[in-house]
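What follows is each chain in one-letter form.
2 protein chains.
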Amino acid sequence: MSKLNGAFAADMPEKKLKSLEKILSYADTNISGSLDRLFQLLRIPSVSCDPHYADQCQEAARWLSDELENIGFASSVRETIGHPVVVAHHKNSGGPHVLFYGHYDVQPIDPLDEWEADPFDPQLRVQSSGETHIVARGASDDKGQLLTFIEACRAWKAVTGSLPISVSMFFEGEEESGSPSMDAFLDQAGAELSADIMLLCDTYLWNDAVPAVTVMFRGLLEEEIEITCANRDLHSGAYGNAARNPIQVLAEVIASLRGPKGEVAIAGFYDDVKEPGRELKAELDKLHFDTETFLNNVGLSQSAGDQTYSVLEQVWTRPSCEINGIAGGYYGDGLKTIVPSKATAKISFRLVDGQDPDLIRAKFHEHIRTRMPSDCAVKFTELGGSKASVIPCDSKYLRRARAALKDEWGCDSVLIGSGGSIPIVSVMQSKLSINSLPIGFARSDNRHHSPNEKYDLSSFKKGIRSWIRILAELSADEGNYGYLKPHPQV
Amino acid sequence: MSKLNGAFAADMPEKKLKSLEKILSYADTNISGSLDRLFQLLRIPSVSCDPHYADQCQEAARWLSDELENIGFASSVRETIGHPVVVAHHKNSGGPHVLFYGHYDVQPIDPLDEWEADPFDPQLRVQSSGETHIVARGASDDKGQLLTFIEACRAWKAVTGSLPISVSMFFEGEEESGSPSMDAFLDQAGAELSADIMLLCDTYLWNDAVPAVTVMFRGLLEEEIEITCANRDLHSGAYGNAARNPIQVLAEVIASLRGPKGEVAIAGFYDDVKEPGRELKAELDKLHFDTETFLNNVGLSQSAGDQTYSVLEQVWTRPSCEINGIAGGYYGDGLKTIVPSKATAKISFRLVDGQDPDLIRAKFHEHIRTRMPSDCAVKFTELGGSKASVIPCDSKYLRRARAALKDEWGCDSVLIGSGGSIPIVSVMQSKLSINSLPIGFARSDNRHHSPNEKYDLSSFKKGIRSWIRILAELSADEGNYGYLKPHPQV
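Keeping their order, the protein sequence lines are chains G and B.
For the first sequence, the working numbering assigns the number 181 to the initial residue and increments by one for each residue that follows.
For the second sequence, the working numbering assigns the number 181 to the initial residue and increments by one for each residue that follows.
Excised from the complex, chain G in its bound form (with noise of 0.2 Å):
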């Protein structure tokens, strides 16, 4: 739309207004639907790490591609060579074109005893608080938030048979896995993926009453070493002292891995970080983060990592070094006596920006390798690696999407970090040239990665109705104030 179409414009806007009130009306009223539908999804236990759950992956990409058929997208399951994606597009004339990202797989359920009940068996637990949690693996990370977008264009559709903008939507199945198959997917079918932005919702409110656009998020390098020594387990009393031991040698090394500021003391690993810049500082130091809450909360009370920075810096800004894993030997009930054969860690890093992973990884394995004691052999089992990303904060789509959350939420949104990765949100950047505008309604309690999982059933509700406003918003691109009063602010 151009200003040459102002006036008919003007003579929409109460009309179009009312529009708006009736879909946020219609989601509030239909919201029993869509759980239907998202417990639907949290019951595939799409678990993209273990190849026992390939199945899995392709029944839940085939529910979301059916799903979004059934709302008037032209949607297909894609093969890749690692779990499927799906590829959807619901075209409009005018406004700007956004592609919705989520991803439908789930991360490993073990320890499966600390789960309160089944972990694909969703159930909705009312608390004392009053609050209703939606409990499940996936419940937020992100079936219940990917569910928020599909949702919120249903009720579009439903009061208004259309879209306000051009939607297209890419679901991956293996984000949890550091999305291997991602760069030989988007080099082969990439430009399909073409827009102006695009969204995703795999990230946290600021606290319960203020929204978050995530603005940087560290990039991730998986690795798995495993350490053999004797060509087989021998026992304890033949062969103890005399034995170079696996697990002696990987608890050697990994202790070399951290220094004793808590600093990971890989030979230049810190060689190429980029510090944010001053107006983004500017931004996170508004926060007044509470350091105290975010430890305690998880029953810890000091922080562990390099003690030169603060603890939103630790996990925001600067690079880790995290042993995910680790086993050899006996480990079953009682004990084994045995000098064992082999032993294992996975191992990941979480780098910020100007950290390239192929460098961190050739001085990771530089360092292992230096420490290893004769009759050792090392291998190297390489996951997955993504850069950090950094968004710009000074995009139109970005201030459009601050207004329509101010509008739900009746507050001003804030700028923050993550220290997570999304690895699609720098593979797009750098592959399409396609910057993000990552807005989700998980809470920091939602236990992502651990037992128990939840997801609130007002981030579910409000996740609807935030992306409702956002898309009106943006299809009030250019003067043309569309579904909307005009927003002073934007």
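Do not rely on the hints blindly, as some may be mistaken.
Which copy is meant is left open, so a pair is good if it fits within one copy or across any two.
Computed cross-link-like contacts, DSS-like style, restricted to lysine-lysine with a CA-CA straight-line distance of at most 27 Å [what the hints assert, rightly or not]:
| id | residue 1 | residue 2 |
| --- | --- | --- |
| 1 | Lys-466 | Lys-522 |
| 2 | Lys-522 | Lys-559 |
| 3 | Lys-202 | Lys-337 |
| 4 | Lys-441 | Lys-559 |
| 5 | Lys-641 | Lys-196 |
| 6 | Lys-543 | Lys-337 |
| 7 | Lys-576 | Lys-641 |
| 8 | Lys-543 | Lys-559 |
| 9 | Lys-522 | Lys-441 |
| 10 | Lys-454 | Lys-196 |
| 11 | Lys-586 | Lys-198 |
| 12 | Lys-586 | Lys-611 |
| 13 | Lys-642 | Lys-576 |
| 14 | Lys-271 | Lys-454 |
| 15 | Lys-202 | Lys-441 |
| 16 | Lys-461 | Lys-441 |
Rather than coming from a laboratory, the hints here were simulated on the basis of the structure.
Assemble chain B onto chain G, guided by the hints.
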């Protein structure tokens, strides 16, 4: 028998000598029956450290007791606070009273995928060398070995209708788990096991052609430690750097357990260590232990232990600390991006003469506790402990047993040590003042505690024959040569 009976004994030797030949010949001729029985016992998966196999431990005890009744022992299965024991008696009016000890329990079978066949489906495998292996979990440790003694008794009974001396047998089902119920059982029923000497077979030949009596064993102390940091697994993006990682902490304390020379680095660990006597040291020097082959056989080239000591000393006369297993976080396929809540390790010490298990345990706990950073809780699980034991080298029973071994093997036996632990040896010494004669026929390549454990058919055959001769030699006590020619060296 006393010298008063010398005239009677002098009448008998020729007839009795013929009987000994007949007994040996009976054992050879009936070896397939002996093997059938061994296979029956090997098919019972009596893994003692895993509570899932409790019924199978019962079954193995029952099987042994029934077999002993079949050859005329008064036998019964006795309950303990853990797995049951078998106690059996066969009296004879003359000679010393021997107690034979063995264990019917076996080590766990994992890693299962490294077995070439079902560990509990025993196989006879003819090797290209012409030798035959009996392959199964427990084939050598200890089911095959203990049956050599039972089958020797069977042959004696079949040919002479009796045994030449009083024999009791005692089989436990917790040797592979540190014998946690032994103390309580012996306190209650120990008097019944009173004997002049204990025989046992849970040891090795010196090499394929040279038998050995094992005169020292290391003790064993078993511990499990669990370190807990956050109250749940955390997202490594949200908390990576800030949250204390229990795998990192565990790795650091494990790394601290060994010093730069390979020595155990717990304060005071070596304080009470007694070096072996000069006489025993001279015996060990005579062995000309082949360190290179010992290490090369298992794919190693250099010792990892305290380089101040020879490898033979490292494994026989020096205490050790080995990490037997470790587990924490996610160790399935792929990777899970968490900072885990917990990590655990199984750690065991081999102790030598002079070291007190309780004191070492206390020093170990202190070592770990003082290294716990903030927000870490450590839990210790005590899995068992036994002192080292040293057997006197100058007893008449030892001399007679060595004479019998020389008759069977055609060469002198040697006195050796064992890095392993047979807790019953020290327990019988301290509780009932019974010394032991540990004479086993296992070879060093029998893969005890490892996949594809085997026992050589020749060990099984010559083991039975050796015990037949040892029983005869022991009956010739005090100048009554019984079933033997006078031995000049005895």
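Structure-based check of each hint:
1. Lys-466 - Lys-522: neither (49 Å within a copy, 35 Å between copies)
2. Lys-522 - Lys-559: both (11 Å within a copy, 25 Å between copies)
3. Lys-202 - Lys-337: within (11 Å within a copy, 98 Å between copies)
4. Lys-441 - Lys-559: The answer is between: 26 Å across copies meets 27 Å, while 29 Å in one copy does not.
5. Lys-641 - Lys-196: For Lys-641 and Lys-196, the Cα distance is within 27 Å only inside one copy (22 Å; across copies 97 Å).
6. Lys-543 - Lys-337: neither (52 Å within a copy, 71 Å between copies)
7. Lys-576 - Lys-641: within (26 Å within a copy, 89 Å between copies)
8. Lys-543 - Lys-559: within (15 Å within a copy, 35 Å between copies)
9. Lys-522 - Lys-441: between (31 Å within a copy, 22 Å between copies)
10. Lys-454 - Lys-196: neither (46 Å within a copy, 93 Å between copies)
11. Lys-586 - Lys-198: Within one copy only: 19 Å inside, 107 Å across.
12. Lys-586 - Lys-611: Neither. Shortest intra-copy (32 Å) and inter-copy (81 Å) distances fail the 27 Å Cα cut-off.
13. Lys-642 - Lys-576: within (23 Å within a copy, 90 Å between copies)
14. Lys-271 - Lys-454: neither (39 Å within a copy, 86 Å between copies)
15. Lys-202 - Lys-441: neither (57 Å within a copy, 77 Å between copies)
16. Lys-461 - Lys-441: Within one copy only: 23 Å inside, 49 Å across.
Hints 1, 6, 10, 12, 14, 15 from the earlier list are contradicted by this structure; the remaining hints agree with it.
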